[in-house]
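Sequences listed follow chains A and B, in order. Using the UniProt record's numbering, the first residue of the first sequence is number 1, and each one after it goes up by one. Using the UniProt record's numbering, the first residue of the second sequence is number 1, and each one after it goes up by one.
If you're looking for bench data, these hints aren't it; they were derived computationally from the structure. For each residue, glycine too, the CB sits at the ideal point set by N, CA and C. Mixed in with the good hints, there may be bad ones.
Unchecked claim - Below 25 angstroms or equal to it, Euclidean Cα-Cα: the simulated DMTMM-like pairs (lysine to aspartate or glutamate) are:
id: 1; chain 1: B; residue 1: K187; chain 2: B; residue 2: D4
id: 2; chain 1: A; residue 1: K187; chain 2: A; residue 2: D211
id: 3; chain 1: B; residue 1: K212; chain 2: B; residue 2: E182
id: 4; chain 1: A; residue 1: K187; chain 2: B; residue 2: E206
id: 5; chain 1: B; residue 1: K212; chain 2: B; residue 2: D184
id: 6; chain 1: B; residue 1: K187; chain 2: A; residue 2: E206
Unchecked claim - Derived, one-sided and incomplete: chain A residues facing chain B with beta-carbon distance under 7 angstroms:
id: 7; residue: V29
id: 8; residue: L43
id: 9; residue: L44
id: 10; residue: L78
id: 11; residue: P92
id: 12; residue: N98
id: 13; residue: A99
id: 14; residue: G134
id: 15; residue: A137
id: 16; residue: D141
id: 17; residue: V162
As the list claims (entries may be wrong) - Per the computed footprint, the stretches of chain B lying under chain A, defined by three or more beta-carbons under 8 angstroms from a beta-carbon of chain A, are:
id: 18; stretch: 36 to 49
id: 19; stretch: 132 to 141
id: 20; stretch: 151 to 159
id: 21; stretch: 163 to 176
There are 2 protein chains.
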Amino acid sequence: MRVDPDTHPIVGHAPAGTVLTSAPQDTAVDRATAAARRVVDALLRTDRANANLERVAEELDSIAEHLEEHAPEVQERLVDMWHGEGVTRHDPVTGPENALAPPLVLSGREDGSVEGVVELTFPYQGPPGHVHGGVSALLLDHTLGVANAWAGRSGATAQLNVRYHRPTPLFEPLTVTGRLVEQDGRKINTAGEIRTADGTVCVSVEALFIDKTVPRPR
Amino acid sequence: MRVDPDTHPIVGHAPAGTVLTSAPQDTAVDRATAAARRVVDALLRTDRANANLERVAEELDSIAEHLEEHAPEVQERLVDMWHGEGVTRHDPVTGPENALAPPLVLSGREDGSVEGVVELTFPYQGPPGHVHGGVSALLLDHTLGVANAWAGRSGATAQLNVRYHRPTPLFEPLTVTGRLVEQDGRKINTAGEIRTADGTVCVSVEALFIDKTVPRPR
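Can you make the complete structure from the sequences, with help from the hints?
Spelled out as structure tokens, the structure:
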């Protein structure tokens, strides 16, 4: 599927450096999500003997209850969340409305690739002090999808081949890149990397996407 | 590295059905984490026009502030979290102390494989109503690591090759399985799948792990 350059930024039609993911907005839901992200992180940091954890559990449950009381049915919410720029507001990698997302901010480059810098903390840990291998795969899979859109294409992941060259550190800026390498009929071949600030490649990926339209719920 | 059957359950030394991931405990931190997980989910479900989201943001920030005030330095916390069964309490897939984790509970089977059932919701969404391809990769990578341990081995992921056969549904029980296929010197070959309740394979994985000891901090 060819992405429409009138509704989505595409290399050649949009300036290099265009942010391709949803920027956090000055809205209550984005502020609440950013705060929830901070809670997720702080729960892993805080002393296990913290005397107020009982109270924290009660408060968080009470907040959840309130939010759930104001939630529409799943089907209704699903339709609503896929309207407008919904596609990039709630995903688990870049979504400012998803507390699971670090969030990664990706920009388009003139050469057709996309790039973002992210620093990961305890919630994303695999081996001691390092990023979980599956988290790296998650970041790269999503980045390749955004790279396809920047190149004017869209598709679904068919194969994701990840190689781990060395452990990826937590608490350091990591550069995540992705690009469409070539398209052959409906097959879209892509590649990407995660690098440390000095350019060392920690993880690389090659993936195959199949060009197709993913229907939005109505 | 051969896992020590005296400290870790291994097929043949432990009964089939042994839970290999940390069970949630009746502790304040586990209750607080479960509540945070509920908040993360509810934030994606709730009506964006929910009038109390401002208040929710303030309350969550205040909780985070309190937790951070009682947090040791990162290095100190890192050492502490890798003591005892720390390895399975805070990871982003099965960890009862990590609000990002669904959490997936994995049990060992007599044939040497491991299995768990999980139902994923909005935070894990990729295409509309379906699991994010990168989330499937994350779940499978972790499951293969647990499968290696059940087979008495441990290693680091070197290659992860994921194939997407069909979209993986949200809001349905999914069975995640993994197994060590063969070991050749330091190379450990593994495989796994994600299936729906009727047995349909949505995602399959083959991965190469390299047998090595991952040093714990201090």
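Going through the hints against the structure:
1. B/K187 to B/D4: 19 angstroms, holds
2. A/K187 to A/D211: 6 angstroms, holds
3. B/K212 to B/E182: 16 angstroms, holds
4. A/K187 to B/E206: Given that 25 angstroms is the threshold and the Cα spacing comes to 21 angstroms, the pair holds.
5. B/K212 to B/D184: Given pair B/K212, B/D184 holds - Cα atoms ~13 angstroms apart, limit 25 angstroms.
6. B/K187 to A/E206: Answer holds: B/K187 to A/E206 is near 21 angstroms, not above 25 angstroms.
7. V29: 5 angstroms, holds
8. L43: 6 angstroms, holds
9. L44: 6 angstroms, holds
10. L78: 6 angstroms, holds
11. P92: 6 angstroms, holds
12. N98: 6 angstroms, holds
13. A99: 4 angstroms, holds
14. G134: Result: holds, 3 angstroms to nearest chain B Cβ.
15. A137: Holds, about 4 angstroms.
16. D141: 4 angstroms, holds
17. V162: At about 4 angstroms, which falls below the 7 angstroms cut-off, the nearest Cβ of chain B leaves the hint on A/V162 intact, so it holds.
18. 36 to 49: holds (count 12)
19. 132 to 141: Per the Cβ count (9), the hint holds.
20. 151 to 159: Three-residue rule met by the stretch 151 to 159 of chain B, so holds; n is 4.
21. 163 to 176: It holds, with 4 qualifying residues against the three required.
In this structure, none of the earlier numbered hints is contradicted; all agree with it.
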